[in-house]
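A.B. asks: Residues per chain, in single letters:
Number of protein chains: 4
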Amino acid sequence: MKKGILERLDAGEVVIGDGGYVIALERRGYVKAGHWTPEAAVEHPDAVKQIHREFLRAGADVIQTFTFYSSDDKLKLSGNVTDITAKQINEAACDIAREVANEGGALVAGGVSQTPVYRDSSSESEVKAIFKKQLDVFVKKNVDFLIVEYFEHVAEAEWAVQVLKTTGKPVAATLCISPEGDIDMVSPGDCAVRLVKAGAQIVGINCHLDPLTCVRTVKLMKEGLERARLKAHLMVQPLGFHTPECNHKGYLSLPEFPFALETRAMTRWDMQRYAREAYNVGIRYIGGCCGFEPYHIRALSEELAQERGFLPPASAQHEMWGKGLEMHTKPWVRARARREYWENLLLASGRPKCPSMATPQD
Amino acid sequence: MKKGILERLDAGEVVIGDGGYVIALERRGYVKAGHWTPEAAVEHPDAVKQIHREFLRAGADVIQTFTFYSSDDKLKLSGNVTDITAKQINEAACDIAREVANEGGALVAGGVSQTPVYRDSSSESEVKAIFKKQLDVFVKKNVDFLIVEYFEHVAEAEWAVQVLKTTGKPVAATLCISPEGDIDMVSPGDCAVRLVKAGAQIVGINCHLDPLTCVRTVKLMKEGLERARLKAHLMVQPLGFHTPECNHKGYLSLPEFPFALETRAMTRWDMQRYAREAYNVGIRYIGGCCGFEPYHIRALSEELAQERGFLPPASAQHEMWGKGLEMHTKPWVRARARREYWENLLLASGRPKCPSMATPQD
Amino acid sequence: MKKGILERLDAGEVVIGDGGYVIALERRGYVKAGHWTPEAAVEHPDAVKQIHREFLRAGADVIQTFTFYSSDDKLKLSGNVTDITAKQINEAACDIAREVANEGGALVAGGVSQTPVYRDSSSESEVKAIFKKQLDVFVKKNVDFLIVEYFEHVAEAEWAVQVLKTTGKPVAATLCISPEGDIDMVSPGDCAVRLVKAGAQIVGINCHLDPLTCVRTVKLMKEGLERARLKAHLMVQPLGFHTPECNHKGYLSLPEFPFALETRAMTRWDMQRYAREAYNVGIRYIGGCCGFEPYHIRALSEELAQERGFLPPASAQHEMWGKGLEMHTKPWVRARARREYWENLLLASGRPKCPSMATPQD
Amino acid sequence: MKKGILERLDAGEVVIGDGGYVIALERRGYVKAGHWTPEAAVEHPDAVKQIHREFLRAGADVIQTFTFYSSDDKLKLSGNVTDITAKQINEAACDIAREVANEGGALVAGGVSQTPVYRDSSSESEVKAIFKKQLDVFVKKNVDFLIVEYFEHVAEAEWAVQVLKTTGKPVAATLCISPEGDIDMVSPGDCAVRLVKAGAQIVGINCHLDPLTCVRTVKLMKEGLERARLKAHLMVQPLGFHTPECNHKGYLSLPEFPFALETRAMTRWDMQRYAREAYNVGIRYIGGCCGFEPYHIRALSEELAQERGFLPPASAQHEMWGKGLEMHTKPWVRARARREYWENLLLASGRPKCPSMATPQD
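For the record, the sequence lines run as chains A, B, C and D.
For the record, in the first sequence the residue sitting at position 14 is 14 according to UniProt numbering, with numbers rising by one throughout.
For the record, in the second sequence the residue sitting at position 139 is 139 according to UniProt numbering, with numbers rising by one throughout.
For the record, in the third sequence the residue sitting at position 157 is 157 according to UniProt numbering, with numbers rising by one throughout.
For the record, in the fourth sequence the residue sitting at position 39 is 39 according to UniProt numbering, with numbers rising by one throughout.
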């Protein structure tokens, strides 16, 4: 019997999350950018299973179901499938996630995200009904816990937490906001307090901004909880891209989104630094979102191997800090088999006509 | 019955190659960098099958067997496996490639690369014996054609061509050299002439340098053949990275190799430009090497869709030139749903402390 | 009879300041970097006169005496001169400034800066005695007004204002602080209030940071004064360098200071933007500090020519927005003779191995 | 009696040239960009004298007369003056140059540049008549030697050398060409041979490209002369700007020309490297052109102080390799008082939205 998410966190364990699916599967040929719907769970289950498995091998303790934007209205709008329902996709996604999770000791998490309805009508009953419908599948398929993620308005996230709490399953809630606060300018500290009061046991940040910025926002949430004398576990699942010039609207404003983000991709060394910073701030659920590939998750697992007590399976194919280069035939490549080299490298872009920063558009 | 590689090229068809395996599978967690041995063909066949399948869906007409560095001496040196022989790996790799190739109309190609023995002893008989041993598996498994690839010395590549020709199967030969010539300063034109005289029906360039540089080198090969009144098909399988500052020693000299190449990754738009340039030069076998992900191969297929007469399966999840963004909710993202936008974008690196070019080390 | 500085500002006129002397004269060969003492006023008066004259021709309404770091202790420490006293230098500098100022309608301003004594002992009487000694020369030479400039501690600047006020001459006070506040974390708004209460009629910012940052800080000062229902004229004399990564310690922390600041130099177009921003914020005394060359001051005069009602003499050798290129023989250079071209140009550094931002050292 | 230019070079001395005038005086407010005519020699003689003097103090052994574009047709075209003739300007310029040169031991050089007539008609007699007219002033004013400079066609430069040789004065000839050759694709080696055969005793390169590129071209000239068994002194007076992306058309093609070249300006440390490279190639007349400020010339003098046996006057205000920072109050600034620091610094541009390289326009 696996330990649950709260048991792990209560025991002080570091929980590694998985990476994002839509960007990675877009590049593999299974998701359409702009639409981002997950019909591949039904149409190409092997491809979804494979990437789940790669995250698992990289050390992920949680497999999130591949159910992003999987509601019938979204599917209809995108026009990508006509013969498959959201329910079919969601059920298939739960089954796939469970199959892979059971290959290791991972937990399955089902997630809900912000709704177009909230922005249009702000009707509490309508919004809650949507979450309830998604929840039904997660309950039927018995996921291990639930994640409220990718919310720009803390008010809507509170409603989601309230709905998901009814199941009795643990609920984590992550907003996609910046250190300045949510889109209504509620501060990160206040957001955290409201989410915990709504019933979330785990709170934090996901998507929209780069790792160190997201860690900074979670730190502000933590301070808010401390001021309010509340307790909750902390979680972070940031972008795998550098976004230094982004404002609170996040990386959708970058001119490179979504088809030219290559140069912004983080290295494994960037990821180790992120994992350490997150750990030092007190975050114990550390994962990734859009832009995270399996080797990024492995880097988190490796940075925190001592704290966790073990290396992930995929580290059999990776030595820390480039040590695998020691046997290289070129002496100048061998010279790179050390930590200081990779930690201090200021990598060149190879694009002399391109700048370092863009002007966000919005 | 599939048409062979020469039938296709003779008929004027554009043949799309697959992408590189070792870098992509390193990031997925199945190959150890620095060692680059392909034991995953035996240990994780599903992972190898999956990436083959992604290239196939992206439009690849050729699946290369995942047999890079698969010789017993290399395996022993790396120490990654003790209970599997090179023969086992090579046979498994052939079977996997065949299985996936048959899911579409793709051909299977077996490849041989330069040997350490050549550099150490330059013994013709020893070097040829190594090629012969690798060839035995390809013959047994009945690959469709053979590729001599990743040679820095045209002299050694000639020997490889001579050995492979004995099978009667078509032979392609690609060197990893720059427009300046091979490592012994034999010009690209002379290299091409020698390879064709040795028996290659297809000649060109692979790896080491970025696409436009490799296309330039193939153009020099073509001109050499014309001067010598020889005929051969042209092929190119370059890096998927920008390497503007690299000299003829290639990207191993870059300080970022192999663990910090992220910023240099080409976009799909870079790839379309490459495909067009290659086509314009007269190259008809157009593929990729290290750094190519499935969506890069798809970009080649899409750029040349009109010439080929069809789009690849994975284009069901991709609209040309960002058109899939037309339905995006944010107006500034919708404004990106057009060709001029992506063709002219000078993407920012998001790394203000990093330069554009490195100083090659060697 | 010239109008005084307060008459001009009270009448709503835009007053253009001059540029910095020590960096410019270092490059011309008359000031030693690191020491920055002004013995050239005695040793090479023609060189000093010439640069004063260039600023005057560029539109400067104020000529500041070249007396920076001109105290006997500083001169002794530097060892640059043994036979000249600070008094001799200061008197010569006043005479030179007056001679050039009278060639146009400019005013002469004498300035005092922060003292090492303040940092070491914080003795009010000692610090004030130093300001008094400097003041004696300015009174004897009858400068038109006085400037308290380059103070990191508002507390010390208050003392300087108090001393200078005793002369009855107008007193301007500019701190070299950031939007975060002075070095003791007194906010810009509070700094402004304290300086005005101490007797300054003009307050603002000089040196240490780039123009737009300094304008931002002056805006905060203005808001502080408004909150306190105080009135004063606003002034800004920023660096002529881009310093986006600098913290409140300013450009001395940049690795490039002082011998490799070339790439950070602002263009004339940057300067026009700065002049406009400063004007829009309500600043009416707009000049420059280190890094300003004569053509930078001319750019300020040109941007505000309509508000001022005239162009400066040096504009006889300059047409706005590159219009002088209209007669160029090369068509592609002629195409640059327009405002949109220069306003939107993202100029390249010509240094592909150099980054965009440094890491401040301190 | 001063030693002549050939005596100095024959004796193996290093001759330091002066810097460019038009860009420097444009920034000081005395030259109009695009027009570049030198009426300031009559209208503002003190300003011209001052910059001559600064170059002299920086170590220049030659003062070039400020007579660029000073012909009646150019003056008329520009419309900058109506009451002054080219003859008046040229005579005034000679007098000013002589006055300053005599303050030190410097020589006065008069120069002629390429003519619009050559491009339009290629009439030898017309072109030669123009050179003859300019020469008359130089003879009357008895300059020490003559410089044929800024020619893109070696054919026209030959004519100029032939005309200037008639005076019996030494003649130097520098082309503004790239390592690829002149604009008619005559190689640098062949150009040098033709210039020497026409009568030039000194040959080399000036303007258009950055120092290391110009040194490379002079090296090719030297090799051409050696192959032809001819002897001549070598000279180089490059741009003071980095132009890595420029082709043979030079920096006029850069989008930043002429009003946004700031970021490309070379540092004093760049200049020392240039002086050393030029010296190592065998060049003994080493100066500058557009973009050189007095401190750049001083850097050449300092780098070659040991070879020359003395430091220039302006080095009294400058210590080698930043040593003047040793007495700085901030420890992190003091740490910069050493050669390795400045030699290895990769200076940041402070412009995160700007690229490293532009696309030349022409």
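Just so you know, not all the hints are guaranteed correct.
As the list claims (entries may be wrong) - Taking lysine to any residue and the SDA-like style, the derived pairs with C-alpha atoms no more than 20 Å apart in a straight line are:
| id | chain 1 | residue 1 | chain 2 | residue 2 |
| --- | --- | --- | --- | --- |
| 1 | B | K74 | A | H328 |
| 2 | A | K353 | A | T213 |
| 3 | A | K353 | B | K49 |
| 4 | A | K197 | A | D10 |
| 5 | D | K49 | D | K87 |
| 6 | C | K249 | C | K353 |
| 7 | D | K76 | C | M327 |
| 8 | B | K76 | A | H328 |
| 9 | C | K353 | D | K87 |
| 10 | B | K353 | A | E343 |
| 11 | A | K353 | D | S123 |
| 12 | B | K87 | B | D73 |
| 13 | B | K330 | A | P116 |
| 14 | D | K133 | D | S123 |
| 15 | B | K49 | A | H328 |
| 16 | C | K330 | D | K49 |
| 17 | C | K169 | C | N102 |
These aren't lab readings, by the way, just hints derived from the structure by calculation.
A.B. asks: Each hint needs a verdict: does it hold in this structure or not?
C.D. replies: Evaluated hints:
A distance of roughly 12 Å separates the Cα atoms of K74/B and H328/A; the hinted pair therefore holds under the 20 Å criterion. With a CA separation close to 27 Å, the supplied pair K353/A and T213/A exceeds the 20 Å bound. Restraint check for K353/A and K49/B: not satisfied, since their Cα atoms lie roughly 38 Å apart, outside the 20 Å limit. Straight-line distance between C-alpha atoms of K197/A and D10/A comes to about 19 Å, which keeps the hinted pair within the 20 Å bound.
For the given pair, K49/D sits about 19 Å from K87/D by alpha-carbon distance, which is consistent with the 20 Å threshold. Only pairs whose Cα atoms come within 20 Å are accepted, and K249/C paired with K353/C is rejected, the gap being roughly 27 Å. Restraint check for K76/D and M327/C: the C-alpha separation of about 12 Å stays at or below 20 Å, so the hint holds. As the CA atoms of K76/B and H328/A are separated by approximately 14 Å, the hinted pair is consistent with the 20 Å bound.
Taken as a hint, the K353/C and K87/D pair is broken in the structure, with Cα atoms around 47 Å apart against an allowance of 20 Å. Simply put, K353/B and E343/A have alpha-carbon atoms about 14 Å apart, close enough for the 20 Å limit, and the pair holds. Proximity of K353/A to S123/D is assessed by CA-CA distance (about 42 Å); at most 20 Å being required, the pair is judged violated. Restraint check for K87/B and D73/B: the C-alpha separation of about 12 Å stays at or below 20 Å, so the hint holds.
Using a Cα cut-off of 20 Å, the hinted pair K330/B and P116/A holds, with the two alpha carbons roughly 12 Å apart. Annotation: proposed proximity of K133/D to S123/D holds, straight-line Cα distance about 16 Å (limit 20 Å). Proximity of K49/B to H328/A is assessed by CA-CA distance (about 28 Å); at most 20 Å being required, the pair is judged violated. For a cut-off of 20 Å, the pair hint linking K330/C to K49/D is broken: about 32 Å separates their Cα positions.
As the CA atoms of K169/C and N102/C are separated by approximately 19 Å, the hinted pair is consistent with the 20 Å bound.
Violation of the numbered hints given earlier is confined to hints 2, 3, 6, 9, 11, 15, 16; the remaining hints are satisfied by the structure.
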